[in-house]
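*Asks:* The chain contents come next:
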Amino acid sequence: MSKRFDPATLRRTILEMAFAGSTVHIVCAFSIVEILAVLYRNHLRLGDGTPRAERRDYLVLSKGHGVMAQYACMRELGWLNDDDIRNYFGNGTILKGLSDAHVPGLEVTSGSLGHGLSVGVGMALGAKRKGSGQRCYAIVGDGEMNEGAIWEAILFAVHFKLDNLTLIVDENGFQAMGATQDILNLGNLVEKLTAFGFESQAVNGHDEVALDEGLSRTKHSTNGKPKAIIAKTVKGKGVSFMENRNSWHYTRLTKASYAAALAELNAEQA
Amino acid sequence: MRDAFSRFLVQAAKANPRLVLLTGDHGYALFDEFRKECGSQYLNAGVAEQNMVGVAAGLAKVGFFPVVYGLSAFVPIRVLEQIKMDLCYEGLRALLIGDGAGVVYSHLGASHQSTEDIGALRSIPNISIYSPADACEMEWCFSAALASGQPCYLRLGKADLGRVHHNATSNPLAEPVRVHGDDYENAIAFLATGSMVRTAIQLAQAWRGISVWSFPRLKPLSAAEVDRCFARAKRIVTFEEHSIYGGLGDIVAERLAQIGSDNATMLLSAGIENRFSALCGSYDYLMDWHGLTAERLQLRLRKFLGDRGRAASI
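Residue numbers (the numbering used here), protein chains in the order written: chain A, 219 to 488; chain B, 233 to 546.
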């Protein structure tokens with residue numbers, strides 16, 4: 219039996235949904251699979267295990283277009299069933315192509331970039347004021363770091379000493395129209411966030427052990443500093459013909475590419 | 233009206249420790265009392281309005297009641313998308329205060345004036361819009377907003393024009409209320425909101441047969457609430473310190489179009505025409521420039537009302 223939140227299994231669910239719904243953004247979900255797997259497996263305290271448990275930790279997917287990766291985790295948790303996966307994008311269904319807070323298990327409505335982090339900062343601030351001990355993890359895309367509101371949120375989180383906030387940047391190096399460094403270069407995000415007052419570290423975003431260690435470090439530090447993990451990732455990770463091929467940001471699966479992608483994942487897991 | 237606002241806010245904060253006031257580095261003297269009485273519930277989010285509204289949404293999601301203060305040129309206009317997606321989409325309980333609405337910041341120019349806020353918000357689901365004319369209406373609007381479990385926008389316009397209501401009455405839902413005329417004076421209806429209510433009353437006094445209604449709440453408005461203000465009127469005039477697009481004038485126009493007119497009812501919508509304030513000057517100067525003073529409106533009204541409005545005195 220495979221372990222819970224096994225990355226290859228999660229990627230298979232993503233492919234299954236993307237094929238069923240003929241959707242785009244597959245590679246945007248692939249780059250955050252290990253991040254979500256480690257968070258759900260070892261870090262998020264989910265209370266009684268229901269999606270809206272009272273004292274849960276918050277997982278804010280600010281890069282809402284990676285939502286299929288979160289759906290895949292929610293399937294493992296039993297919050298989504300096989301029909302939800304099979305009927306993805308069907309008329310009258312509730313699972314959209316972007317994170318939507320009306321879906322139990324998703325904390326924010328994102329997709330318009332630069333919103334989720336501020337909402338997550340507000341949730342972290344609320345948890346602090348209540349003294350509830352809850353943490354907030356916010357996943358932001360590197361392209362999303364172009365947004366001015368993100369930097370407003372960063373200033374705010376530092377000023378109000380939100381050390382229960384962990385910002386995870388999915389640094390896959392690409393945004394919609396090309397390489398991030400060619401479009402609006404972000405430079406060194408570890409240095410930048412450190413300069414802003416975050417406790418920052420770079421981690422291989424596909425190395426589950428490294429991610430686990432990085433997240434553990436952020437969890438136990440109560441020095442008044444918000445935390446940042448710059449996760450170095452590969453857009454499309456897991457399927458060779460998708461990796462670092464930015465056209466897959468917008469490409470839909472065919473029967474042939476679906477079969478080829480599944481075959482690669484199965485071979486990897488075997 | 234601002235004193236009343238400050239007083240209600242302090243009362244509400246004392247009654248509810250989960251109320252958090254966020255300001256985008258505005259409200260210098262306005263919050264002195266609040267900071268003194270409820271300092272821990274005061275939070276200056278800096279000159280970063282987009283983040284402020286997102287943070288407010290996050291706070292609301294985990295059980296707080298955010299009151300978000302800014303100039304109406306910024307809250308709601310600069311943060312319209314945050315209001316739409318972070319607050320309204322989930323229908324989160326929050327109170328947005330837009331101060332200095334209309335052309336109050338007359339000397340500062342278009343960046344600080346806001347004549348599009350009602351129109352911009354009206355088309356977003358789940359939000360209520362309040363536009364009080366004086367301290368009394370402020371109390372109605374404030375209580376209605378506190379009782380609401382949804383996002384609310386409180387539009388604060390020119391605040392020092394004095395009282396419209398001279399007897400303290402109760403109107404917990406901030407319904408449209410008649411402020412001049414009686415049941416027999418209904419051939420002509422003046423419908424006004426915010427700073428223009430006093431002007432409408434002043435103008436109505438020059439004619440006979442006019443009833444004047446104040447609209448402290450602009451959204452939601454039921455058809456019945458709107459209809460009873462002009463039940464038998466042949467001529468309707470709306471007054472607002474807001475664009476003629478999207479505000480009270482359009483609310484009435486939409487309703488009239490739905491009813492269909494078999495009695496040649498006509499509407500004159502008095503508001504800011506399709507233009508920015510091009511010039512600098514006092515508030516009164518700009519209101520005159522926009523044609524919204526009683527003197528400027530009287531000429532238009534005489535033409536519009538014709539012999540329906542018999543001049544009592546000019």
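Bear in mind the hints are in silico, worked out from the structure with no lab data behind them.
Check the hints yourself; a few may be wrong.
One side of the interface only, derived from the structure: several residues of chain A facing chain B at Cβ under 8 Å [to be verified]: (1) Gly315; (2) Pro322; (3) Gly323; (4) His333; (5) Val337; (6) Gly338; (7) Met341; (8) Leu343; (9) Gly351; (10) Tyr468; (11) Thr469; (12) Thr472.
Built from N, CA and C at the ideal position, the CB exists for glycine as well.
*Asks:* Taking the hints in turn, state whether each one holds.
*Replies:* For each hint, the structure was consulted:
This hint is violated: A/Gly315 has a C-beta 15 Å from the nearest C-beta of chain B, more than the 8 Å allowed. Proximity of A/Pro322 to chain B is violated relative to the hint, the smallest CB-CB distance being about 13 Å (cut-off 8 Å). Look at A/Gly323: its Cβ only gets to about 14 Å from chain B, farther than 8 Å, so that hint breaks. This hint holds: A/His333 has a C-beta 6 Å from the nearest C-beta of chain B, less than the 8 Å allowed.
The beta carbon of A/Val337 is positioned within 8 Å of a beta carbon in chain B (closest approach about 4 Å), and the interface hint is therefore held. Taken as an interface hint, A/Gly338 checks out: its beta carbon lies about 6 Å from the nearest beta carbon of chain B, inside 8 Å. This hint holds: A/Met341 has a C-beta 4 Å from the nearest C-beta of chain B, less than the 8 Å allowed. The beta carbon of A/Leu343 comes within 6 Å of a beta carbon in chain B, closer than 8 Å, and the hint placing it at the interface holds.
Evaluation of the A/Gly351 hint against chain B yields a violated restraint, the C-beta minimum of about 13 Å exceeding 8 Å. Taken as an interface hint, A/Tyr468 does not check out: its beta carbon lies about 23 Å from the nearest beta carbon of chain B, beyond 8 Å. Of the supplied interface hints, the one on A/Thr469 is violated, with its beta-carbon coming no nearer than about 27 Å to a beta-carbon of chain B, more than 8 Å. Because the beta carbon of A/Thr472 sits about 33 Å from the nearest beta carbon in chain B, more than 8 Å, this interface hint is broken.
Of the numbered hints given earlier, the model fails hints 1, 2, 3, 9, 10, 11, 12; all others are met.
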